[in-house]
Every structure is written in C-alpha cells, then in structure tokens.
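The hints should help you fit chain B onto chain A, whose structure is shown.
There are 2 protein chains.
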Amino acid sequence: MGAIRCDDERLALHLSGERFAAIYELWGNEKEAQEKAQDICYEQTVEFPGDLLPEGVIKSSVVGKIEAFLPAGQDRYRATILFAVETAGKDITQLLNVAYGNISIKPGIRLVGLELPASMLADYPGPRFGRRGLRKILGIPDRPLSATALKPMGLSPKELADQACEFALGGIDIIKDDHGLADQKFCPFMERVARCAEAVKRANQATGFKSIYMPNVTSRQDRMLDLALEAKRLGAGGLLVSPMLCGMDSLALLAEAKDLDLPILAHPSFGGIYANASQGGISHGVLYGTLPRLLGADATVYPNFGGRFSFSKEECMEISGMSCALLGNFEPMFPAPGGGMTLERTEEMIEAYGKDFILLVGSGLHRGTGSLRKNAERLIEMLSKM
Amino acid sequence: MGAIRCDDERLALHLSGERFAAIYELWGNEKEAQEKAQDICYEQTVEFPGDLLPEGVIKSSVVGKIEAFLPAGQDRYRATILFAVETAGKDITQLLNVAYGNISIKPGIRLVGLELPASMLADYPGPRFGRRGLRKILGIPDRPLSATALKPMGLSPKELADQACEFALGGIDIIKDDHGLADQKFCPFMERVARCAEAVKRANQATGFKSIYMPNVTSRQDRMLDLALEAKRLGAGGLLVSPMLCGMDSLALLAEAKDLDLPILAHPSFGGIYANASQGGISHGVLYGTLPRLLGADATVYPNFGGRFSFSKEECMEISGMSCALLGNFEPMFPAPGGGMTLERTEEMIEAYGKDFILLVGSGLHRGTGSLRKNAERLIEMLSKM
Chain A
1 MGAIRCDDER LALHLSGERF AAIYELWGNE KEAQEKAQDI CYEQTVEFPG DLLPEGVIKS
61 SVVGKIEAFL PAGQDRYRAT ILFAVETAGK DITQLLNVAY GNISIKPGIR LVGLELPASM
121 LADYPGPRFG RRGLRKILGI PDRPLSATAL KPMGLSPKEL ADQACEFALG GIDIIKDDHG
181 LADQKFCPFM ERVARCAEAV KRANQATGFK SIYMPNVTSR QDRMLDLALE AKRLGAGGLL
241 VSPMLCGMDS LALLAEAKDL DLPILAHPSF GGIYANASQG GISHGVLYGT LPRLLGADAT
301 VYPNFGGRFS FSKEECMEIS GMSCALLGNF EPMFPAPGGG MTLERTEEMI EAYGKDFILL
361 VGSGLHRGTG SLRKNAERLI EMLSKM
Chain B
1001 MGAIRCDDER LALHLSGERF AAIYELWGNE KEAQEKAQDI CYEQTVEFPG DLLPEGVIKS
1061 SVVGKIEAFL PAGQDRYRAT ILFAVETAGK DITQLLNVAY GNISIKPGIR LVGLELPASM
1121 LADYPGPRFG RRGLRKILGI PDRPLSATAL KPMGLSPKEL ADQACEFALG GIDIIKDDHG
1181 LADQKFCPFM ERVARCAEAV KRANQATGFK SIYMPNVTSR QDRMLDLALE AKRLGAGGLL
1241 VSPMLCGMDS LALLAEAKDL DLPILAHPSF GGIYANASQG GISHGVLYGT LPRLLGADAT
1301 VYPNFGGRFS FSKEECMEIS GMSCALLGNF EPMFPAPGGG MTLERTEEMI EAYGKDFILL
1361 VGSGLHRGTG SLRKNAERLI EMLSKM
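Chains as they are written, first to last, in the working numbering: chain A, 1 to 386; chain B, 1001 to 1386.
To be clear, the hints were calculated from the coordinates, so they are not data collected in a lab. Some hints could be false.
[Said to hold, decoys possible] Dumping the calculated DSS-like pairs for lysine-lysine here, alpha-carbon to alpha-carbon at most 30 Å:
id: 1; chain 1: A; residue 1: Lys-232; chain 2: A; residue 2: Lys-185
id: 2; chain 1: B; residue 1: Lys-1355; chain 2: A; residue 2: Lys-106
id: 3; chain 1: B; residue 1: Lys-1106; chain 2: A; residue 2: Lys-355
id: 4; chain 1: B; residue 1: Lys-1059; chain 2: A; residue 2: Lys-90
id: 5; chain 1: A; residue 1: Lys-106; chain 2: B; residue 2: Lys-1106
id: 6; chain 1: A; residue 1: Lys-185; chain 2: B; residue 2: Lys-1090
id: 7; chain 1: A; residue 1: Lys-258; chain 2: B; residue 2: Lys-1258
id: 8; chain 1: B; residue 1: Lys-1313; chain 2: A; residue 2: Lys-106
id: 9; chain 1: A; residue 1: Lys-185; chain 2: B; residue 2: Lys-1059
Pulled out of the complex, with its shape left as it was, chain A reads as follows (with noise of 0.2 Å):
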C-alpha cells in the first residue's frame, strides 16, 4: 500500500533537468522557517507526503529543491528553490501556480523573486514597446514622460473628451482613462474612446505633439480583444489593463495579439493586498516589476510614495528597479508613479526615478489657479528641466 508506482524511464526522459529560480522570505525561527522551505518543494509541486513517495526521478527531479537559505534579518530567512522548467507548464497561470499557488493560502511565506532561463522566457511576449517604443512613439527622446487620467467617473464622453483636449493641448503625453472608467451607461466605452481619441488627434494636430489616448479594456477576456480591437480602430494610441481583475494572461492576450500594435500600461487594482501583506503575499518588485514585464506592460502603474497610498519610496524604488533590471531580452518598460501627485513633487520624482519614469498626476492638474491646460504646460516645464 501507498505504493505510487512510477516509470522513472519514461519521466526523466521529459525532463530537460532545466530549472527555474523562485526565492522567498520565510518568517519564524530557523527551524520554522527550514520546515516552510521544504513544504513549499512539496506543496507546491506534487502535493504528496514525502513518505508516501517512491525513491526516483519524482523526488530527485519533480520536488521542488532547496538552493540557498540564508538568515535575512530577526526570525527572517530567505530561501532560493528550484522547480524543474516542466512543472510550470507553458503559461502564466501553471508558473504562477508552482511559484505561489497553494503557499498563498499559508502563512509567513513571501514571493519576493523570480528567475527564468531562456526557455522560459521564451514562452512570454515581454514588452512590445518597452522604453525605447514609447519614446519614439510620443517623440520625447530624453525627458520624463507624463501622464494623466481622464475623471471623476460620472463625466459624459463628451465632458471626458473636453478634458482630453486641454491635457492634449498642454503637451501631456499619455491620458489615460481613469481606471474606473469601464463600459457604464452614463460613458459607454465606444462613445468614449472615439471621442477622446479625436480630441486628443485634433489638439496634436494643432500642438504638433504626439500625445495619445489610453482608454481602459478591463473587462472580461473574452470581450477584452474586441474591446482593444475597436479602441484601436477608433484612434487609441495604447490600452489601459489592470491584470489582477482579469487575469495576469490578460496582459499577454493584448502583448501578442497580431494587428494590435499598442502599448499597453498595466494597473495595480485589486492586487495591492499581495504586496501589503506583512509577513507573506508577493515582493512589489515581482508584482509590479517582473510579472508585468515578463507579460507584455510597457509601463506599470504603482502608488507613489508620499502619496495617498501607503508604498514606501524603498518599496517604489524596487518596482523601479525591476523594471529595468535583465530579464531575458526584453526591453525595459517604464516605472509610472502616481496616486496623489501634486506639481509640486516633481522635482523630487525626477532626483528618485531620474528620466526613465512616467509621472502621472491626475487630481493633481486639477488644483491651483491655472486651468488644465497650463497646468499640464507647467508640468512639462519642470518635467523638461531636468
């Protein structure tokens, strides 16, 4: 009895013996945390006691493998473990599953890296655009780029595309839906984006700048690539998505899909609770950085420190940093801060994230004496002194 009866053969002969990387922060005491590292090689993988399977290629090569363990600070360990590149299957949501599936459900336990050999790699669109692609597309070849977002929700498409032609015409170069804005009755999608997008064409054409219109295609996938398709058609310069709402493949859906060409900004709704957890959840480095890019973002929409949000300048530092740090071939895409950023910030944005970022401000155009327009000139301004 208990008797698992496995062709050794014919398994190790599917087995490239290629692995990938997934690190953690462990809490408790170094026996705890030991124990949490060799549950996670189990759980996380065969979901099998340990006793009850046989010797051989399962547990050599199936298991997950401790790499490293090493103590990170009081009653904190970080462990590297290895899972074999075929348990992860071909797509986000297998990887996702070894990497955090079941552990999410147990305590003390937080992804905080991810490290994939080129076959792997292989398997995920990355950034489209990336850094260089959206530069070129807006023709801003050095500065910090800027963004806003078209609200409160409740405004009109018309009321809405108003308001995208001051930001236009004060050179904003990303306006984005807000990330709210859905297909409501009071602003169906259709209405919407054909009506922002013309506003913000009529106003470069008038500026001679190149600022595009973002609107929001979170919805369910299966309406999602119509929704994109038609935006595109209407004159959308690139697409808004928030991956933990629908699905992390979501981002490759858009990433991959033939005759769409956008570039696509990822949005933290509905996920900031991986990051927020105390002693478990997934490092915002991972969350916001790696996962993203390796989806297909071109830039990453995060809370900026000091802002409305809780996230630390650290923490916003290290999203900064993964999303330039090598992964594969892939180009870098663009940290883009915001959540309570006022003009007045700026400069001290551009000293944290230097010129590859994305500054976006929203209620914050709306604030001081000036109108939308000069507003958005002002930013520009110090957004171009730098």
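Here is chain B on its own, set in the frame of chain A:
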C-alpha cells in the same frame, strides 16, 4: 479653475437609483475608521478629491454612500457602503474594481460582504448545476459526496488513469486532477483526459456507480474554452479551475459556454493571501463563497480546518454558509473542504458540515494498509453512515 462641469440632467437619466452594498471591516479608532469609510466612497468611484467635485449628481449619486457604520470589536468597525449599480458596469472585473480595486492597496480595509440587487445578479450565471444538479449527475440523493485528486505530479497519463480506475471502482464520486496538473510534457492534457475519462467510464460500467472525472482546465483564458470542450468530447464529467490564477471571469466563461454543460469545481490556488490578510483582504465567505457561486461554480474547494492549512473552523463554516445563503435565485453550491484530510476525520466533518458537502481526501487515501480501492470504499461507507 478646478471646475469639473457635468451635465447633471444627462447623468441622472442614466442612473436608476438602484444600489448594491459592499460591507467592509475597518481597522483603527472610530475617527480613523470613519475616514476610511469616507475614503472608500470616493476612491472606489470618482477617485477625485471631494473639494474639487461640484455639488450635483456625481457627488450625490456616483460617489459611494455610507449606509451603516457600527463598532465590530476593539479598534474595528463595520461599514456598509452603497454604490450605484451603474458604476459596476456589466461584468465581474468592474464589480470587483468598485468593491475592492484601489483600496486593496490601502491597509486596514477588508471586504466582508457583497449584496447585489436582482438587476445585477442577472448579469452573472450562478451555478449551472448546483447541489441538486450535481447530486443528480452522480446519482447520490442524500449522503455527503466524496472527491479525490489524481497525484502526484510526475506520473504519466496512464499511471494517473490506473489511479482513477481504482478510485472509481472504490466508489469515489468526483475524481479530479490535482490542481498542479496542467499541460506538462510529462503528462499532456489531452492524453491524460482521454485516459482518465476512459478509465472512470470503464469502472462505472463494472460497478454501476456514476463517478465523474474532472480535469484541470486552468490555463490562459484564450485556450481554456477549447480545453474544456475537448475535455467534454473525451468524456470528462466536470471541470476544475483556479479562478484566482486565470481571473474570476474564467468561471463565468465556463459556466456560460453553450455546448459545454459540465459542472465546475473552483480551486483556491493563488488567492489565499486575500483570506489570510490579518487586517485587509476579502473574507473567506466572499472569496470562496459568494464570488465563485455568483460566477457559476457548482462547488468550491478550500483548505479545511485542522488539515495542513490554517483556516479556522469558524472561517470554514463561513464559506459553507455562503455557499447556500440566499443569493437571488441561484442554486446553492457545494462546499468542498480538503487539504490534509484523513479518513479518520470523516465523522467530525459530517458533524461540522451536515450532508451537503463534498469531502475531498487526497493523499489520505494513499495511507494505511488497504489498497486505494479499499480506502475509497471505506470513505464511502463512512459517508453513507450518517
């Protein structure tokens, strides 16, 4: 400046006045918790500062409304917030965006309830089979149902099919893929489904039972429906999917597909962090109860109390409760507790859950001195005793 202009008459025409309720637990002292409730009303809708909004329909009807605010413990409050149904669009991505989008990034806010009017429930499929339908398929009118998982990862389709055959001969009602079985080289999806479905069918012919095989179709959504239809063609009797890995809308995709018509088992992989977050996240009842049921799951798998995960009995009872609480006209679904279950605990489980649950025993059936078949028979016997 700062003058948002909104055609109130037009906007009012598009608002029915109907609202849905989201219920939150908020951490902090009374003043802090009240500020959090207020913040949710704005952050989740207009994402715009109140002082920049004009008096009018946006402020009165698009911004959320605090309906109730009550103490819920030490430095803990419970707020019911009403949102116009129109803010949530027509699908789950935007509903979740309003209920728990950006505030997932803010600490101390937990979504613990969701109450939707009939007009919104109409946008969701609910269980196609539910408890009654699944009992009918399985021919088990009133005892608790049994389920097991084919494992460990690494076995070949033939080896897993032999296991499936043993379980079916022993009378296990639902034989599902372990959720880590995807489309791996060492165990390709199509071959596995063909062999396991065939094995279960053969066993049924011998026993007269109506066991079903449920393969795991968790994958990129643009491939999922094809996998599911292929699985059906090959004789699968249901589908396993992990909606937190591929997006909550993946459930609706399967539940609404014409020509598919198979019961769906939702798996909790990757989403545990929402439930486990100590002062944030989404309650067990909403995450594993209300949401999968709304979207069409016929049963919801979750880690049982006293197993190898950390959910408490109270949390499990909450899931069980929400799987049959009033939710429009939707059928109740089955709670399917699992995760480190043993035969010895069967009686305790029946005491806790009554007859309407699926007891999921995985490696527990591999323990002891009996064969897989004998252990399965013993489980069914114990479930039949009540």
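Verification of the supplied hints:
Distance hint between A:Lys-232 and A:Lys-185 is fulfilled; the C-alpha atoms sit about 21 Å from each other, no more than 30 Å. Using a Cα cut-off of 30 Å, the hinted pair B:Lys-1355 and A:Lys-106 holds, with the two alpha carbons roughly 28 Å apart. Distance check on the hinted pair: B:Lys-1106 and A:Lys-355 sit about 28 Å apart at the alpha-carbon level, within 30 Å; holds. Proposed proximity of B:Lys-1059 and A:Lys-90 is contradicted: the alpha carbons are some 47 Å apart, above 30 Å.
Between the alpha carbons of A:Lys-106 and B:Lys-1106 the distance comes to roughly 22 Å, so the proposed pair stays at or under 30 Å and holds. In summary, the hint linking A:Lys-185 to B:Lys-1090 is supported, as the alpha carbons are separated by about 10 Å, within the 30 Å threshold. Between the alpha carbons of A:Lys-258 and B:Lys-1258 the distance comes to roughly 27 Å, so the proposed pair stays at or under 30 Å and holds. Restraint check for B:Lys-1313 and A:Lys-106: satisfied, since their Cα atoms lie roughly 16 Å apart, inside the 30 Å limit.
With a C-alpha separation of about 17 Å, the suggested pair A:Lys-185 and B:Lys-1059 falls inside the 30 Å cut-off, and the hint holds.
Violation of the numbered hints given earlier is confined to hint 4; every other hint is satisfied by the structure.
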